[in-house]
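These protein sequence lines map, in sequence, to chains A and B.
The letter at position 52 of the first sequence is residue 172 when you use the working numbering, and the numbering goes up by one with no holes.
The letter at position 141 of the second sequence is residue 142 when you use the working numbering, and the numbering goes up by one with no holes.
In case anyone wonders, no lab produced these hints; they're calculated from the structure.
Just so we're clear, the structure is a prediction, and the values are computed from it rather than from any experiment.
Watch out, some of these pointers could steer you wrong.
Dumping the calculated EDC-like pairs for lysine to aspartate or glutamate here, alpha-carbon to alpha-carbon at most 16 Å [to be verified]:
id, chain 1, residue 1, chain 2, residue 2
1, A, 176, B, 159
2, A, 176, B, 43
3, B, 82, B, 132
4, A, 158, B, 159
Derived coverage of chain A by chain B (criterion: at least 3 residues anywhere in the stretch with Cβ under 8 Å from a Cβ of chain B; other residues may be distant) [claimed, not checked]:
id, segment
5, 129 to 136
6, 142 to 150
Restraint-style ranges between C-beta atoms, simulated for each label pair [as the list claims (entries may be wrong)]:
id, chain 1, residue 1, chain 2, residue 2, range
7, A, 162, B, 97, 13 to 23 Å
8, B, 52, A, 132, 43 to 53 Å
9, A, 162, B, 100, 53 to 63 Å
10, A, 134, B, 82, 35 to 45 Å
11, B, 100, A, 125, 39 to 49 Å
Glycine included, each C-beta is placed from N, C-alpha and C at the ideal position.
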Amino acid sequence: MLILTRKLDESIMIGNDIEVKVVKVSGSQVHLGIRAPKAVAVYRHELFEQVMNENKNAVQNPNSDSLKSLGKLKELLGHKN
Amino acid sequence: MSKKKKENNKIILGLTPYDGELLKNLGEDAIVTFDDGVPAFEEAKKFTLFTNDDIKPFMYLKSLELQELGFVCIDPFLVCKDYLIKISGADLAHLQLKDPENALVFCFVTVRENPQENTANLLAPVIINLENRKAKQIILDNYPVRYNIWEGLDKVKEAK
Numbered sequence: 121m122l123i124l125t126r127k128l129d130e131s132i133m134i135g136n137d138i139e140v141k142v143v144k145v146s147g148s149q150v151h152l153g154i155r156a157p158k159a160v161a162v163y164r165h166e167l168f169e170q171v172m173n174e175n176k177n178a179v180q181n182p183n184s185d186s187l188k189s190l191g192k193l194k195e196l197l198g199h200k201n
Numbered sequence: 002m003s004k005k006k007k008e009n010n011k012i013i014l015g016l017t018p019y020d021g022e023l024l025k026n027l028g029e030d031a032i033v034t035f036d037d038g039v040p041a042f043e044e045a046k047k048f049t050l051f052t053n054d055d056i057k058p059f060m061y062l063k064s065l066e067l068q069e070l071g072f073v074c075i076d077p078f079l080v081c082k083d084y085l086i087k088i089s090g091a092d093l094a095h096l097q098l099k100d101p102e103n104a105l106v107f108c109f110v111t112v113r114e115n116p117q118e119n120t121a122n123l124l125a126p127v128i129i130n131l132e133n134r135k136a137k138q139i140i141l142d143n144y145p146v147r148y149n150i151w152e153g154l155d156k157v158k159e160a161k
């Protein structure tokens, strides 16, 4: 990992069109301003991690019994409606 | 009635549950492509989506590359009445989605032993552009990753 030191109001460029700027530092919190093309997605990493973890939990092997048990689930949903 | 609309480069989806019609549009042997894969399974790009009377209203998204990979899915609007998706410009560009009417939305379900504990991932819905069959799991920031389907159905019922 590349590590750069930046002061308040200084920024870095990633490629030609992505700018990440330190806009505020208060204690252990750092506020970053990000200017990037519309087509570039920017997420907080932990959000992405949450999604990755839940995707792993959600995997259902097509051959597993739990897929068959969806029929039972459907039945229950039917009762609910 | 569809409440899909376009606003400031974003597409906002807040539609009533679909009845399988959209799925029909996709065709039985339709292959959908996740160009970036699915988070945590980046190598899995090609999937098929199907449903049948045994599993309805659930759907099953099956990987064509990884034999053991598949996800149970549900229409989020069926379990969360106020669910609203704002698709960012980045995601719209990725999907090449221009017309909200072409968007098919579903969420992954985490199936547990006790059906009352099943949850839907409302944080990261999957959007399929029916026009080109490009798909992406997008990340919103205002919905839970584990939304209880059982309780959600109660709320939807109360609201009726």
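Item checked: Hint consistency between residue 176 of chain A and residue 159 of chain B [alpha-carbon to alpha-carbon, up to 16 Å] -> Answer violated: residue 176 of chain A to residue 159 of chain B is near 32 Å, above 16 Å.
Margin query: Within 35 to 45 Å: is that where the Cβ-Cβ distance between residue 134 of chain A and residue 82 of chain B falls?
Written below: holds, 41 Å
Notebook entry, point to check: Is 13 to 23 Å a correct range for the gap between the Cβ atoms of residue 162 of chain A and residue 97 of chain B?
Noted result: At 20 Å between Cβs, range holds.
Check: That 39 to 49 Å hint for residue 100 of chain B and residue 125 of chain A (C-beta), does it hold up?
Finding: For residue 125 of chain A against residue 100 of chain B, whose Cβ atoms are near 47 Å apart, the range 39 to 49 Å holds.
Check: Regarding the pair residue 176 of chain A and residue 43 of chain B, is the alpha-carbon distance no greater than 16 Å?
Finding: Holds, at about 12 Å.
Check: CA of residue 158 of chain A to CA of residue 159 of chain B, is that 16 Å or under?
Finding: violated, 40 Å
Next item on the list: Starting from the range 43 to 53 Å, see whether the pair residue 52 of chain B and residue 132 of chain A falls in it by beta-carbon distance.
Entry: holds, 47 Å
Next item on the list: With a C-beta cutoff of 8 Å, work out whether three or more residues of the segment 129 to 136 of chain A approach chain B closely enough for the coverage to hold.
Entry: The restraint on the segment 129 to 136 of chain A is violated, since only 0 of its residues have a Cβ under 8 Å from chain B and three are required.
Check: Is 53 to 63 Å a correct range for the gap between the Cβ atoms of residue 162 of chain A and residue 100 of chain B?
Finding: violated, 25 Å
Margin query: Cut-off 8 Å, C-beta pairs, minimum 3 residues; does the coverage of the segment 142 to 150 of chain A by chain B stand?
Written below: violated (count 0)
Next item on the list: Would you check the hint for residue 82 of chain B and residue 132 of chain B, treating anything up to 16 Å between C-alpha atoms as holding?
Entry: violated, 26 Å
Of the numbered hints listed earlier, those contradicted by the structure are 1, 3, 4, 5, 6 and 9.
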